Every structure is written in C-alpha cells, then in structure tokens.
Amino acid sequence: MDKHSAPGPQEPNAMIGPGHSFNSVTDKISSIVLREGAPRGWWIGFGIGFVLTNMMLVSLIYLFARGTGIWGVNIPVGWGFAIINFVWWIGIGHAGTLISAILLLLRQEWRTSINRFAEAMTLFAVACAGIFPVIHTGRPWLAYWLFPYPNTMGLWPNFRSPLIWDVFAVSTYASVSLLFWYVGLIPDMATLRDRTVKIIPKRIYGVLSLGWRGSVRHWHRYETAYLLLAGLSTPLVVSVHTIVSFDFAVSITPGWHATIFPPYFVAGAVFAGFAMVLTIAIPLRRVYELQDFVTAQHLDYMARVMLATGLIVGYGYLTEAFMAWYSANPYETFMMSNRMTGPYAPVYWLLITCNILSIQALWFEKVRATPIGLFIVAMFVNVGMWLERFIIVATSLHRDFLPSSWAMYAGTVWDWSLFIGTLGFFVSLLFLFIRFLPMISIFEMKTMVPEAEVREDLL
Amino acid sequence: MAKAKLDRSAFMLPAGHHLHSVQRIALIVGIVAAGLTAFGAMSNPVQFFRSYLVAYLYCLALGLGSLGILLLHHVVGGRWGSILRKFLEAGSRTLPMLALAFVPLLFGMHELYEWSHADAVAHDPVIAHKSLYLNSTFFTVRAAVYFLVWITLATLASRWSAAQEEGGGPAVNKRLEFLGRGGTILYAGTMTFAAIDWVMSIDVHWFSHIYGLIFVAGQVLTAMAFMVVVASSFAGRAPFERIMCADRFHDLGKLMLAFIMVWAYFALSQYLIIWSGNLPEETPWYISRLSGGWEHFGSALIIFHFVLPFVVLLSRDVKRNPRSLALVACALLVFRYMDLYWLVVPSFSPGVFTLHWLDFSAMAALGGLWIALFVQQIKGHTLLPLGDPMLAPELAEGAES
Amino acid sequence: MSENSNEQPIYGLLAEFSSAGELVTATRAARKAGFTKIDAYSPLPLEELFEALGLHKSRLPLIVLIGGIVGACAGYGLAYWTSVIDYPINVGGRPFHSWPAFIPITFETTVLFAAFSAVLGMLALNGLPQLYHPVFNVSRFAVASKDRFFLLIEAVDPEFDYDKTWSFLTKLEPRVISDVEH
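Protein chains in written order, with the working numbering: chain U, 1 to 459; chain W, 1001 to 1401; chain R, 2001 to 2182.
Misleading hints may appear alongside valid ones.
[As the list claims (entries may be wrong)] Derived list of chain U stretches under chain R, where covered just means 3 residues or more per stretch with a C-beta under 8 Å from a C-beta of chain R: (1) 54 to 65; (2) 156 to 168; (3) 322 to 332; (4) 341 to 351; (5) 376 to 389; (6) 412 to 420.
[To be verified] Coverage of chain R stretches by chain U, computed from C-beta distances (three or more under 8 Å per stretch; other residues unrestricted): (7) 2032 to 2039; (8) 2046 to 2055; (9) 2102 to 2110; (10) 2113 to 2121; (11) 2135 to 2147; (12) 2158 to 2167.
Hints in this document: simulated from the structure, not taken from any laboratory.
Every value quoted in this text rests on a predicted model; they were computed, and no experiment measured them.
C-beta: ideal position from N, C-alpha, C; glycine also.
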C-alpha cells in the first residue's frame, strides 16, 4: 500500500516541493495565519459566504415562523430537500475522515498536506448536515426529544428505528471528528503561540494548545493516541453512512429497500467528498501559492480515488437496475422503469452523466494532471451526487403504493434558499478556519522534509 | 549503482521444503477421495451435486480469490502484495483446471436448480419472468464467458509478470497496472453474476443486491488466509527472511483483519436490512438458515468467523509472528468452509440441518487435487517477483551481502 | 544536597541542538551517564527519539480498550433496558429484545467512548493541560516548536551537579546551554 510513498534516495519527493526545511515549512504555513490582514481573495470568498449565510438565517427564521408548509414537501413526498441535503452534506464530510484516518493507517504520505483542511471540511460539512434533521420537523426547539433522557412522559426513543441510530451516529461522528481535528491541531497551535508577537493571539493559542511543549515523552503518547483515533475513525466513518443508508434501506419502499445500500452509500459519500476536497483544494493552492505542498501528485491521487469510488457507485446503480428486474416484483420493476423513463427521467440521466460518464475522463493521465479539468469533473460529481439523493428520495415516494396519491415533487424558493444558504455557511466556516488556524499540518509536514531523516554521525 | 546479479535459482522452491510432501499427500488424498466421491455420485447423485457444489465453490474461492487479490495488488501496490505475488499467480493459474471442474455442475443443473425444470417455469410466474436470464443455455454461455475472462486475466498477469522478471522495464510495469485496473472491475462484475447464477438462483424466488459482494469478500478472505499460510512456511528461511519479515506479516495480518471486517459488514448489512424489512419474499431465506439446527451454525459463524479472529488479530504480536498468524489463517480457512456451507446447503434443506459423508469426500477430493496443482504451479517459478520495483531495494541488499 | 526539589536554585539545564540526530546522540549519552530525570523536546515526533529516551509501550491502548468495552456495554445496555425492561412496546411486531437493531447504536457508543478515552487518556498521562512549565522561562525555547531540539536535565536528578552537568552538556557540543529557572 505504500507503493507511491517510498521514493528512492535520489528521487525528489513528489509530496513536497524541493528545497524545504523545518524552518521554511513553519514559516510558509504559519504566515498565512499570522500575517497582517487577509488577501483580497479571502475577503471576496468570505464575503460571498457571509451573504449566503445570512440568506440561510433568513430562510430558517421564516421556516420557524411559518412551519414546513413553505417547503415543497407534501404527501406522498414527505421527505424532500431536508433529507437530500442532509445525506449530501454528511457524505461530503466522509472524505475528510478517509484522508485523515484511513490513509494514515495505510501509511500514505500524500495525506499529510491535505488532511488538516479535509478534516475541517468534514466538521463544517457535518455542521451543515446537522442543521437539517434538527429543523426538518419545523419545531427545532423539541429536537432534544431525540435523545434518550429520563422524562416526565416516561417515554424512550424507539431503538429499532434507524432515525435514532442516525442521532447516535451523527453525534458520535461529529464528536470524534472534532477530537481528531483538535488533537492534530494541538502541536500546531503551540507553534503559533511561539511565533505570534501579539499578546491576545498568544494567550488564545497558548490556552488552546494546552501548554504543549513538544516533550518527546508527550509525543510518544500523542502518536499512539493519534493512531488509535485513526483506527477508531475508520470503521466509524463507514458506519455513519451505513446508518444513513439504513434510514432508507430498512424500510420497505421500493428503490430504498436494497441490501446493496450500505456499501454503495459509503462509496458514494467518499466519492462526493473527494470531489469537494478537489473543489476546495484546487483554487486554494493557487490563491495561497501552496503548489509545493499540495502538488500535482496529490491531485492525481485524489482523482484516482474519485474514479475508483465512482466506479463502485456505478456498480451500485447496475445492481439496483438488474435486481429490480430479477426480483420479478412488480413494484420494484415499476420503480426502476419509472426512474428511467418516468417524469424524473431527465434528472436520472443527468445524474448518470455526472456521476458515471464524466468521471471516465479521469482514466486519462492528462485530465488528472490538469487542475482545471479536474475541477470541472469534481463539479460534475458535486452536482451528480446531489441529484442521486434527489432521485432516490423523490422517485421512490412520488409514485407510492396508492396511485390516487401520486404527485410530483419540486423544491420551493425556500428549499433552495436554505440549501444554497448552507453552502454559504460552509464556505464562511472554511474561510474563517483558513484565516485563524494552520490549514496544513505543520508538524506533519515537517516529517516530510529531508531534515527529518535522523543521522547520528557524531559519535 | 551497479546492479548486482540475482541468482534466480536461490529463489526457487528449495528441495527440502515441506510443500513437496504436502503436494504428495494432497495428491494421494485427492485421488482416494475422488474415487470415493465417484462411488457416492453413482449411488446418490442428488447429494453428490450438492456436496460437489460447496466443495467447488470453496476451491474456486482459493483460485479466483487469488486472482482478485493479485489484480487489486496491481492497482494499489504495496510490499505486502509483492511477497505474495508469485503465490497468487500460481493460485490464479489453477483457473483452467477449475473451469474443467465446473463441467460436472452443468450435468447437475437439473438436480440443483429449480428453474431448469420446464414445469416449474410453466407454473410459476416468477420463474417464468426470470427464465429469460435463468435458462440452461444462457447459464452455460455465461459460465463460459466468466471463465474466459478469468483465465485471460490470470494468463496475462502471469505472462507479464514473467516479462517483468526478464527486465521488461517500465512499459511492462505500466501494463500490469492497467491489467489490475481493468481486471479488478471485470472480476467484481463477473463474480457478482456468477454468484447469482450458481448460488443465489438455487432459491429462485429470493434476491439480495449485496449477494455478489458477499461472495467477493468471502473469496478474497479465503485466498488471503491460504496465502498467509503458504508465505509463513518461507518466513525466516534464506534468502526470503529479509523480505518476508515481521513487518510484512504485520501488513498481511492487518489486511486479513480488514477483510474479516468487510465480510462481517456485508453480512450484517444484508441481515439487518432483511430482518427490518420483514418481507415475505425475503425472510424465508434467513428462516431456513436460522432454524432446525442451522441457527447454531449461524451463531458459530458470528463467533468464529468474526468475533474471535477479530479480537485475536487486534494483537500486534500475533500479526507479527508468522506462525501465530498462520494458525489464525488456518482456523479461518475452516470457518470459510462453514460459511459457504451455511450459505448454500440450507437452500436444499431449509430448516433441517444436514451433513453427508459426501460433503467431506467431495471437499477432500477437490481440495487435495487443487493443492497438488497449486504446488505444481509454484515449482518452476521463482517464489518472489524478482522484477518487482517495490522489492528492488531489499533484493539488491540481499545480493550484496 | 537538599531533600526538597523546590529548594534547588534552578529547575534544570537545557541544551539546544540544531538537528534531531544530535539530540538522539545527546539523549543516549545522558542516559548512559546515569541521568534519569531528563526530557527531550522536538518539533516533530521521531521514532529514533522515542528509542533514545527508552520509551516503549504506552498504557494508552489498554485505556482505550477499556473505554470501548464500557461504551459497548453502555450502548447495548441503554437500548436493552429502555426497550425490554423500562418501556417495552410492540413496534411493528418486532421482539422487545431486537438485538440486530441494537447493533448500530452499540457500535457508535463503543467508538465514542473509546475515542474519548484515547484523547483524555493521552492528555492525562501527559499531564496536560499544563499552561505553565519552567522550560517556557527560557526565551530561546520558543524555537522548540519550530526547528530546534532541546535536551533538559532536571536538577532533581540524583546525578545532577551544576558544574559537572554543565561540562557534560558542553561536551555534547550544543548551540547554547541555558539555566531553566523555576
């Protein structure tokens, strides 16, 4: 598994630009945080995000005032944008954990320069995802009913329901991702503490770094803890999207009740997540001139992972289609033919175009080596994975078992404004993170420079 | 750096290695058991075909699983795969023999598959609907296609590997990588349908989307466990000791653990979804596997195929010691058979536990012959891919000292 | 020789090195010379330094294992107790003790408890958070988080003698040797 991570002694390490030292790595990364003022690109990006965040807030306030009637959901399509957006966002988060945990266990050095912001992306994506389950009832002030707490009504949640599994999975995922991210940040915040000259940031970074002083005894336990967290996060990330897929699959709705759902959802999540990492990384490395740290090699590997997971998703589509026919169940067969030729057929074929056809370009080394080409493919996948969830939710519900209740579903202005608003919320959080915390792990990047080779030629 | 010339003969199967005697014993056991099985086939053809199917699927897992791991290795790389590569290639070269061994099943179609009965097709609309896919002609054609794909992949993998060893250079490395990419897709795709054809269609009314993947995971795990046992017999012996070191067995142990978890994950996903859905068209499959004695089999699988190996393989020391790892792998090989038995046989005997002496003799016959053939394939080839760029540093080091 | 460490005039001596290799050599030499109350400081984790300082297995995996087991029992116990004992209710004809349905939550709580054990255990064993430490009194120590390596010999070490230790450190050819004030 370390095929690409062991360059020969003479070969330049493609994971970091040439000529870097402990000093230059520290300077380059920490200066992004410690410099006076932010570049104009930062202000533009954050500004757009901030405006859209306000749109999200307006949409939420209007929702709380008027109720879910402002959305497009109605019987028979009772699950609409809220679940689509929830699944889409939480899926995006999964690439971050995959990069930081699974690639660490597989000793893939290329994770090092992208894991920090990928983890941040996970957290912010989970934050965006978390909004929807809380608000989709229209009564977010009762969201705590989801938790098993002793109450005067003497009731407990139904532990046979996947929706309560979701509460546990998503809250565990958010907590563990936060821990993982924070633990990774501790040594870097100590670096920022030691580098900044201003008293208030010094105090803040000092407290957040918990007084980290780089003791080798501490590093020793730290490394163990970090590896253990990676080992725990790996099955966790799989379990989260598995449980999200159970939300659908344990029901008996045609198109949802499919045993392939767990692995197919997990692959889809990683697929979408890598698309999002590329969507963020490609502009970012350009604006902040980080081509030495996020190299062409990184982009190439991310594109490969995207292609591989995309093909697994394709496998999922194929089995769904084949089994719908093979089952000889009229409801299953109808669901699939409705998906492919019914009123939502254009959406279905658009999703196939985005998720299956567009990624075939990644077979070519030329495309993987062109950031702009990769960016375009990643955008296709971002859209395609959202459409996939739309198709799963809408086509299975809008033709239910009772033909008299058949209807069409579409989002209203408020559905869209909330969804686009969460995009802005995500972007704002990301820009704040870039401004105030090191977006690349400083201490891990140090392990990649030649100085990290220990030579004892003194004695 | 001057390239030290490697002595190929040093990397061949040593004369005194106990794989030679294993081959002799396997061959004798295989031939004797084959005779017994042939006798059983005359007296009880129905039971013979059932027993033969399970044994066949097990040996197929060894051969085809090897191909699967081999192709995967060509995609993702890693030293763990380099040390297994020659064994995996040998395993995948048994596929032509496995294709031959499939032929008896074609004669057993009528005994094994309800859909091959014309009256069933006539009276059951579900079977009639499926007869477009499940009919004896198309079934045979598909099987031929699967084997064609698998044998082609296996042949190319071995041929290009040999070319690499003769100094093929980057062009051959690239070709192998491409083979891995395309081959992994082809393997997963064909095996999915093969699992549907050969096993799932026994319960002709039942269907599960994840079924193919459960088979793929099982095959890969079977082959992995087998190859760990083979590789462990070379640990600590010159000239392999530097390459088949504790670090590599640690990797293999981790991979085995990962495959066990994947298997458990697929199996649990299928069970939980069907259990929760509780649909009359799906649950009978589990009811026939969880009653009349089969339920103990199911519990044993949870404990011995997942919990126990999982806990044992968490230990770093177990993974780093080739002997203890091989012991775990041996146990897994037994439980892999149990899993296959539990997957297949309750379809013929729903809710009534059954075990026939033909189950043992068919497994001994096919298994013995397969092992003999496998060792034959190992002989005459180097045991390490000497042209593998991943191993170049270690091999060069070994040649200098 | 004083009996109370607080009566030592200084906390210890801190030697600064410019490469990890020098620190590894120095740490080995210090241990060989019989010093036990020593610590090394590095801007990045290095396997060689762990070995030089004689650090082996940590107790952390055991703590995490216990945390995980507690989490598993807590998760399954919660589902079992609420669904079977405290408020048994028939949902869709499923048994009260629906063990397959309890697995997802059991898994999540296992991971949750184990992850918290890993982080809190690591911090507790490391004695963090500890915002004040005498080494921070050395102004040059700020580069310990950037690109320099330090070796600390504490004054409470039985072998510690200010002048002898100073000359011992000098022989290791550090860039600077500093007194660490309390």
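Now the hints, each set against the structure:
no.	hint	result
1	54 to 65	violated (count 0)
2	156 to 168	holds (count 10)
3	322 to 332	violated (count 0)
4	341 to 351	violated (count 0)
5	376 to 389	violated (count 0)
6	412 to 420	violated (count 0)
7	2032 to 2039	violated (count 1)
8	2046 to 2055	holds (count 6)
9	2102 to 2110	holds (count 6)
10	2113 to 2121	holds (count 6)
11	2135 to 2147	holds (count 9)
12	2158 to 2167	violated (count 0)
In summary, the numbered hints that this structure violates are 1, 3, 4, 5, 6, 7 and 12.
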